[in-house]
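> Following the UniProt record's numbering from start to finish, the sequence shown increments by one per residue and tops out at 827.
There could be a bad hint or two in this list.
[Claimed, not checked] With a straight-line cut-off of 20 Å between C-alpha atoms, the simulated EDC-like cross-links for lysine to aspartate or glutamate are: (1) Lys248 with Glu226; (2) Lys175 with Glu155; (3) Lys632 with Glu611; (4) Lys560 with Glu611; (5) Lys96 with Glu80; (6) Lys45 with Glu80; (7) Lys592 with Asp650; (8) Lys330 with Asp373; (9) Lys367 with Asp341; (10) Lys248 with Asp199; (11) Lys612 with Glu624; (12) Lys248 with Glu805; (13) Lys629 with Glu760; (14) Lys592 with Glu611; (15) Lys629 with Asp751; (16) Lys632 with Glu670; (17) Lys612 with Asp650; (18) Lys788 with Glu810; (19) Lys93 with Glu80; (20) Lys632 with Asp650; (21) Lys89 with Glu114; (22) Lys175 with Asp199; (23) Lys747 with Glu810; (24) Lys96 with Glu49; (25) Lys782 with Glu218; (26) Lys175 with Glu218; (27) Lys672 with Asp622; (28) Lys554 with Glu611; (29) Lys629 with Glu611.
Keep in mind the hints are simulated off the structure, nothing from the lab.
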Amino acid sequence: MASINYEPKLLAILSTSIFVSCIFVSSTGLVAALDDSALLASEGKALLESGWWSDRSNVTSHRCRYWPGIFCNRAGSITEISPPPEFLKVGNKFGKMNFSCFSNLVRLHLANHELNGSIPPQISILPQLRYLNLSSNNLAGELPSSLGNLSRLVELDFSSNNFINSIPPELGNLKNLVTLTLSYNSFSGPIPSALCHLDNLTHLFMDHNSLEGALPSEIGNMRNLESLDVSYNILNGPIPRTLGRLAKLRSLILSRNAINGYIPLEIGNLTNLKDLDLSSNILAGSIPSTLGLLSNLILLHLFDNQINGSISFEIGNLTNLCRLFLKGNKISGSIPISLGDLRNLAFLDLSNNQINGSIASSLKNCKYLTYLDLSYNNLSGQIPSQLHNLPSLSYVNFRHNNLSGFVPLQLPQPFDLSFTCDSLHGQRTNSPEIFQATAFEGNKDLHPDFSRCSSIYSPPSKDNRIIHSIKIFLPITTISLCLLCLGCCYLSRCKAAQPEPTSLKNGDLFSVWNYDGRIAYEDIIAATENFDLRYCIGTGGYGSVYRAQLPSGKLVALKKLHHREAEEPAFDKSFKNEVDLLTQIRHRSIVKLYGFCLHQRCMFLVYEYMEKGSLFCALRNDVEAVELKWMKRAHVIKDIAHALSYLHHDCNPAIVHRDISSSNVLLNSESKSFVADFGVARLLDPGSSNHTVLAGTYGYIAPELAYTMVVTEKCDVYSFGVVALESLMGRHPGDILSSSARAITLKEVLDPRLPPPTNEIVIQNICIIASLAFSCLHSNPKYRPSMKFVSQEFLSPKRLLGGLEISLLELRNLGMHTNVGEITVPC
């Protein structure tokens, strides 16, 4: 049988198939190209019709490259819309955007854009959306349940808005969700149990709402959860024991609710926990010994509950603990000696309890202890003299106990105004009389030595006070009358003698008013050789600074001011009034202004001399920058904050600095920082208002001053934020302030001349400073915190998640959520 050759037929069929396929692929590609073209056109039309970029032309072909906040894929289709609020505000144009045109949109970031109204329904149909951030706006109404259709969503942030009613359970359909942030709204009702089915969720923030009911027991199913914050709600019921299943949990914040019952033993299973805050609830029972298993714990807040029993010895196992607040409970028993094993402890508050026994001498081992409050207990015995080994201690309160004996003379110096004898005058002292009597009152057998603080200390008895006053004022009055008579005689003789002015050439330069201006001017001419450039150590916007050595050998800094109107009597008077006000400023972190000279040829101010010059110069000198270790930089930033808080909130009238920059922060020989040039802008124009004097250094000026001349305290707040970041980075942060990069971490922008910090306390200080700095850099001054808030945050810092690996975007978001109100409880 002959064989049949199939090859020609097969080749013909194959050729036909390939030809048809090519036609199909070609036509499909043509259709796809047409679809892409239509998509790009619709995207461009939506952008123009929204009016968000009103300063742009009608040509949208360059939107991916030149339009701020627009990012595209290779085909030119928009994948991200995140216009920086520093350059444009969406405001009431939010609803004008047709979001349904952006089928490839992956990220929508409109935080801090003053959005109002409700969420446009088109957002719920974006098929590729993975990141949605509408935080820090004025959005209101209910969350649409259709948000549950965004199945690819990874991050959702609706915090700091005005959303109301219940959280839609449909959010439980977002199975890919990793971060859910609903903080600072007005949500009510219970926490939907459907949220507990989000298996991939790692961060859940629902704090500062009006949520009620109990925590759902199903919460134990969220096995990947690392952070849970439901504080500042009205939740009740017990803490579910199922929380003990969340082995990855690092932060558990349940404070400021009405949660009752006991602290479950299962909490001890959360061995990765670093922050545990159950404060301000109605918890009862004792502190479970299983808490001693939480060896990674850094913060433990159980204050303001109804906890009883004693502090277990196992608490000494928490060797990483930095903050322990147990105040306002019913805790009894003694202070366990195991507290001395907490070598990283910085804050300890056991006040307002029923603790008895003596103060554990083992506390001497807590080298980082900064804050110690044992007031309102039943402690007895003496204050351990070993406490002088605590070099960082800056706040002590032992009032209302049964302590006896004497206050140890070597106790370190707390600089808190309410505890320092000299603090009302801005002085720092190493002497033993550094405590006010109020720090120890209520201990009838305790004898603090306040003999050299008689202006503050007063005996308790009214009769004794009268006798004490007579003993003091009778001799003083007698001596004063004698001195007055002698002074009158002396002045009459001096007037008759009429000595030559040159005989007083080296008179008291530091007495602000009581010296001859002409002679003081001659003193300065001699000390600086007529302001020779050899003595010039700096030049600023207001004048040049000279170093001068007085005949006594004392060094001072002279700021020779550019402005000169001394021929006008009105200016002379107002200038002197302003200087009089400024010389009354006394704060440990503000450069002392000793006096002034108002002369026909020039005028200058006399300041305390700072050996190491400005922070600006130190950061730009590699040798000096390396000497400024991380904690030194942290202290520099904190001292600036405390100084500005004093100027803004403790001075009457309040003083706006107007020119906060690294050049106006000076360092002494110990690298401690001092704010300089305070009030000089107003000093040069005393009759001005905050609406007419614009001062500042380029790169530190608040953005609102570009369109308004109103200078407020919030301008100083912005400048402080720049200086704080500059101190951490070792350079001006301008490149990251305008950057939209998201992957950059805090660690990457830190000053590379210093080794990355490894100590947990140092890391947390850096994170807290960076977060507060970003909150100060808010483009809207209304949302910036006050310097009082920043100062108090540094005194009672919160711990932040993420460490140095936290991204700058996350830090900015944390900064946007900063509470600008007052702190009412330590955090």
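> If a hint holds in the structure, say so; if it doesn't, say that too.
Hint-by-hint comparison with the structure:
A threshold of 20 Å between alpha carbons decides the hint, and for Lys248 with Glu226 the separation of about 5 Å falls inside it, so the pair holds. Distance hint between Lys175 and Glu155 is fulfilled; the C-alpha atoms sit about 11 Å from each other, no more than 20 Å. A threshold of 20 Å between alpha carbons decides the hint, and for Lys632 with Glu611 the separation of about 16 Å falls inside it, so the pair holds. A threshold of 20 Å between alpha carbons decides the hint, and for Lys560 with Glu611 the separation of about 19 Å falls inside it, so the pair holds.
A hinted pair counts as satisfied when its Cα atoms are at most 20 Å apart, and Lys96 with Glu80 qualifies at roughly 17 Å. For the hint pairing Lys45 with Glu80, the CA-to-CA distance comes to about 16 Å; that is within 20 Å, so the pair holds. A C-alpha spacing of about 17 Å is found between Lys592 and Asp650, which places the hinted pair at or below 20 Å, so the restraint holds. Proximity of Lys330 to Asp373 is assessed by CA-CA distance (about 16 Å); at most 20 Å being required, the pair is judged to hold.
With a C-alpha separation of about 11 Å, the suggested pairing of Lys367 with Asp341 holds against the 20 Å cut-off. For a cut-off of 20 Å, the pair hint linking Lys248 to Asp199 stands: about 13 Å separates their Cα positions. Of the pairs offered as hints, the one joining Lys612 and Glu624 holds, with about 9 Å between alpha carbons and a cut-off of 20 Å not exceeded. With a C-alpha separation of about 18 Å, the suggested pair Lys248 and Glu805 falls inside the 20 Å cut-off, and the hint holds.
Simply put, Lys629 and Glu760 have alpha-carbon atoms about 15 Å apart, close enough for the 20 Å limit, and the pair holds. Restraint check for Lys592 and Glu611: satisfied, since their Cα atoms lie roughly 14 Å apart, inside the 20 Å limit. Of the supplied pair hints, the one linking Lys629 and Asp751 holds, its CA atoms being roughly 10 Å apart against a limit of 20 Å. Taking the CA atoms of Lys632 and Glu670, the gap is near 10 Å; set against the 20 Å cutoff, the hint holds.
About 28 Å separates the Cα atoms of Lys612 and Asp650, which puts this hinted pair outside 20 Å; it is violated. Restraint check for Lys788 and Glu810: not satisfied, since their Cα atoms lie roughly 24 Å apart, outside the 20 Å limit. Our distance criterion of 20 Å between C-alpha atoms is met by Lys93 and Glu80, whose separation comes to about 18 Å. For the suggested pair Lys632 and Asp650, the alpha carbons sit about 26 Å apart, so the restraint of at most 20 Å is broken.
With a C-alpha separation of about 7 Å, the suggested pair Lys89 and Glu114 falls inside the 20 Å cut-off, and the hint holds. Restraint check for Lys175 and Asp199: satisfied, since their Cα atoms lie roughly 7 Å apart, inside the 20 Å limit. Taking the CA atoms of Lys747 and Glu810, the gap is near 13 Å; set against the 20 Å cutoff, the hint holds. Of the pairs offered as hints, the one joining Lys96 and Glu49 holds, with about 7 Å between alpha carbons and a cut-off of 20 Å not exceeded.
Of the pairs offered as hints, the one joining Lys782 and Glu218 is violated, with about 40 Å between alpha carbons and a cut-off of 20 Å exceeded. Between the alpha carbons of Lys175 and Glu218 the distance comes to roughly 16 Å, so the proposed pair stays at or under 20 Å and holds. Distance restraint check for Lys672 and Asp622: the Cα-Cα separation of roughly 18 Å lies within the 20 Å cut-off, and the hinted pair is therefore satisfied. Distance restraint check for Lys554 and Glu611: the Cα-Cα separation of roughly 12 Å lies within the 20 Å cut-off, and the hinted pair is therefore satisfied.
The hinted pair formed by Lys629 and Glu611 meets the criterion: a straight-line CA distance of about 18 Å does not exceed 20 Å.
Figure legend: structure checked against the earlier numbered hints; hints not met, in rising order: 17, 18, 20 and 25.
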